[in-house]
Amino acid sequence: MIDAVGTMCFDRPQQEMWILVGITGLVFEGGRRIGPGDALILEGDDPSLIELVSADLANVRIARFRLRRKVGADLRWVP
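Be aware that the sequence shown starts at 1, since it is given in our numbering, and climbs by one per residue.
No lab work stands behind these hints, which were simulated from the structure alone.
Computed from a prediction, not measured in an experiment: that's the story for all the values here.
Where is the CB? At the ideal position from N, CA and C, for every residue including glycine.
Be aware that a few hints might be false.
If you anchor each label on the Cβ, the simulated ranges turn out as follows [stated by the list, open to error]:
{"no.": "1", "residue 1": "Ala63", "residue 2": "Pro13", "range": "14 to 22 Å"}
{"no.": "2", "residue 1": "Arg68", "residue 2": "Ile2", "range": "28 to 36 Å"}
{"no.": "3", "residue 1": "Val71", "residue 2": "Leu26", "range": "35 to 43 Å"}
{"no.": "4", "residue 1": "Ile19", "residue 2": "Gly72", "range": "16 to 24 Å"}
{"no.": "5", "residue 1": "Leu57", "residue 2": "Val78", "range": "34 to 42 Å"}
{"no.": "6", "residue 1": "Gly30", "residue 2": "Pro79", "range": "26 to 34 Å"}
{"no.": "7", "residue 1": "Ile41", "residue 2": "Lys70", "range": "16 to 24 Å"}
{"no.": "8", "residue 1": "Val71", "residue 2": "Cys9", "range": "27 to 35 Å"}
{"no.": "9", "residue 1": "Ala4", "residue 2": "Val71", "range": "27 to 35 Å"}
{"no.": "10", "residue 1": "Gly31", "residue 2": "Trp77", "range": "14 to 22 Å"}
{"no.": "11", "residue 1": "Arg33", "residue 2": "Phe65", "range": "14 to 22 Å"}
{"no.": "12", "residue 1": "Trp77", "residue 2": "Gly37", "range": "36 to 44 Å"}
Listed below are the simulated DMTMM-like cross-link pairs for lysine to aspartate or glutamate, each with C-alpha atoms no more than 25 Å apart in a straight line [what the hints assert, rightly or not]:
{"no.": "13", "residue 1": "Lys70", "residue 2": "Asp45"}
{"no.": "14", "residue 1": "Lys70", "residue 2": "Glu16"}
{"no.": "15", "residue 1": "Lys70", "residue 2": "Glu43"}
{"no.": "16", "residue 1": "Lys70", "residue 2": "Asp11"}
{"no.": "17", "residue 1": "Lys70", "residue 2": "Asp46"}
Starting from the given sequences, assemble the full structure and let the hints guide the process.
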């Protein structure tokens with residue numbers, strides 16, 4: 001869980017897939033908006049430096065799931 005206010009920066013290893021799920025509040029990642037119940041999948045060619053900015057400097061809570069293979073190619077998401 002990530003509880004924060006303002007701007008948060010994370011470095012996502014290229015071989016990891018991250019799933020961010022909004023719990024409370026509203027946060028922006030680039031031009032994308034994550035609200036309660038929204039999920040954002042970051043993988044592969046997505047930026048490795050992730051900057052989350054909370055709307056109106058309000059408290060936000062985000063669940064972050066980090067997935068990676070033990071061996072073999074990187075995990076990929078297929079829509």
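These are the hints, each one checked on the structure:
1. Ala63 x Pro13: 14 to 22 Å: 19 Å, holds
2. Arg68 x Ile2: 28 to 36 Å: 18 Å, violated
3. Val71 x Leu26: 35 to 43 Å: This hint holds: roughly 38 Å between Cβ atoms.
4. Ile19 x Gly72: 16 to 24 Å: 20 Å, holds
5. Leu57 x Val78: 34 to 42 Å: 37 Å, holds
6. Gly30 x Pro79: 26 to 34 Å: 18 Å, violated
7. Ile41 x Lys70: 16 to 24 Å: 20 Å, holds
8. Val71 x Cys9: 27 to 35 Å: 30 Å, holds
9. Ala4 x Val71: 27 to 35 Å: 34 Å, holds
10. Gly31 x Trp77: 14 to 22 Å: Holds: the Cβ-Cβ distance is about 19 Å, inside 14 to 22 Å.
11. Arg33 x Phe65: 14 to 22 Å: This hint holds: roughly 19 Å between Cβ atoms.
12. Trp77 x Gly37: 36 to 44 Å: 19 Å, violated
13. Lys70 x Asp45: 20 Å, holds
14. Lys70 x Glu16: At roughly 11 Å apart (the allowed maximum being 25 Å), Glu16 and Lys70 satisfy the hint.
15. Lys70 x Glu43: 16 Å, holds
16. Lys70 x Asp11: 19 Å, holds
17. Lys70 x Asp46: Holds: Lys70 and Asp46 sit about 21 Å apart, inside 25 Å.
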